[in-house]
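K.L.:
Heads up, the sequence shown is in this note's numbering, so the first residue is 11 and it goes up one at a time.
Please note that a few of the clues may not be correct.
Cβ-Cβ distance ranges computed for the label pairs, FRET-style [as the list claims (entries may be wrong)]:
| no. | residue 1 | residue 2 | range |
| --- | --- | --- | --- |
| 1 | 310 | 194 | 45 to 55 Å |
| 2 | 342 | 179 | 32 to 42 Å |
| 3 | 324 | 208 | 26 to 36 Å |
| 4 | 307 | 73 | 16 to 26 Å |
| 5 | 286 | 173 | 24 to 34 Å |
Heads up, simulated DSSO-like pairs for lysine-lysine below, C-alpha to C-alpha not over 27 Å straight-line [claimed, not checked]:
| no. | residue 1 | residue 2 |
| --- | --- | --- |
| 6 | 126 | 83 |
| 7 | 142 | 208 |
| 8 | 246 | 218 |
| 9 | 192 | 121 |
| 10 | 218 | 169 |
| 11 | 91 | 126 |
| 12 | 83 | 56 |
| 13 | 142 | 176 |
| 14 | 112 | 185 |
No wet-lab data here; the hints were simulated from the structure. Every residue gets a Cβ at the ideal spot worked out from N, C-alpha and C, and that includes glycine.
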Amino acid sequence: MMGLTNYIPKPIKRKIKSSSFLYKLYQRRQNLVKLPYAMNIEITTKCNLKCWMCARPRMKNLKVGDMDFGLFKRIVDDMAKLVYEKTSFTLVGLGEPLMYDKLFDAIEYVKTKCPKASIHINTNATLLDLEKSEILCKLLRGGDRLLFSLNAGNRSTYKWMMGADKFDLVVSNIKNFLAIRKKIGKGPSVVIQIIETKKTEPEIEGFKNFWQPLIDSNDNIYIRQLINWGGKIDTKDVLVKVKGKRYPCLSLWIAVVVDLEGNVYPCCEALSTRENSDLLLGNIQEKSLTEIYSESKIREIRKKHLNNKWNDIAECSNCDSWSFYPNIWFKVGSKWR
11 MMGLTNYIPK PIKRKIKSSS FLYKLYQRRQ NLVKLPYAMN IEITTKCNLK CWMCARPRMK
71 NLKVGDMDFG LFKRIVDDMA KLVYEKTSFT LVGLGEPLMY DKLFDAIEYV KTKCPKASIH
131 INTNATLLDL EKSEILCKLL RGGDRLLFSL NAGNRSTYKW MMGADKFDLV VSNIKNFLAI
191 RKKIGKGPSV VIQIIETKKT EPEIEGFKNF WQPLIDSNDN IYIRQLINWG GKIDTKDVLV
251 KVKGKRYPCL SLWIAVVVDL EGNVYPCCEA LSTRENSDLL LGNIQEKSLT EIYSESKIRE
311 IRKKHLNNKW NDIAECSNCD SWSFYPNIWF KVGSKWR
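All chains, full assembly: derive it from the sequences and hints.
P.N.:
Okay, here's the thing in structure tokens:
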């Protein structure tokens, strides 16, 4: 069903995107599906950096460790029952995926159980040595994605942003990965990310000019907006763009996030409050995803957003992550539909 949009000619797609009304209809058709298709699994909470823009360094009672591989398999097995063309697995949370001892086993398990799904991995690339690069190129295919969180255009800004003096190392690791992928002739698409702040804004053009000649046509340079992790990070002094008028957060319809201990949420921002979150939907060790997403809790959360009552939800009240997603909604009176 989802694949029908692949047959829409590009000129018609361009016309759709040029019309606000048609584009919203197109996006609704793509995203408002029965069950979420974007699975985020927090495979580890271990991390070797203390990034300024991350909630993790501000969390005093975070359980640091790896997800039990039996739990990981249970999550994938459960999602396998729901998999369709658009399903993706993002192996990331409040940790660095390359610190998860069973990362390669996890990738292979997803490939076995959900061969049609894509795998996304976000890494700071500090641990991406030649051996890991080669293994990842062999395990991941073109439909998969490896995002490198470089996040700055020079050594000084990187140190401010990431809390470590590893800019040159990361640049070298990314370049080595690209060379290995080219040599092997296969591997995932690559996204090289810089976060837009007042400090990085002057670096963005140089960032693009440096990386563009090194990447393939299927790769991307991603200029990511800064988010405040549900209001937990004060971004006003470094924020470049005003977020605009608020609308319901699409994450509540498309995403499922499972933390280290199996707790399920509809948004990554809930990882900063975890079991105390107003967005906690249940635990996958006690109920299936189908059961969790059939209960009233998720319906009530969505209803609050559609009725402009996001302030009733602690994590949502000061959050700006809604602006990450397209506005696919229509205003009917004072409510969204």
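K.L.:
Does each hint fit the structure? Answer for all of them.
P.N.:
Going down the list of hints, with the structure as the test:
1. 310 / 194: 45 to 55 Å: holds, 49 Å
2. 342 / 179: 32 to 42 Å: Between residue 342 and residue 179, where Cβ atoms are some 53 Å apart, the hint is violated.
3. 324 / 208: 26 to 36 Å: holds, 28 Å
4. 307 / 73: 16 to 26 Å: holds, 23 Å
5. 286 / 173: 24 to 34 Å: holds, 26 Å
6. 126 / 83: holds, 17 Å
7. 142 / 208: violated, 34 Å
8. 246 / 218: Between residue 246 and residue 218 the Cα gap is close to 25 Å, so the pair holds against 27 Å.
9. 192 / 121: holds, 22 Å
10. 218 / 169: holds, 19 Å
11. 91 / 126: holds, 12 Å
12. 83 / 56: Holds, because 20 Å separates the two Cα atoms, which is no more than 27 Å.
13. 142 / 176: Between residue 142 and residue 176 the Cα gap is close to 18 Å, so the pair holds against 27 Å.
14. 112 / 185: Status holds; Cα separation ~25 Å.
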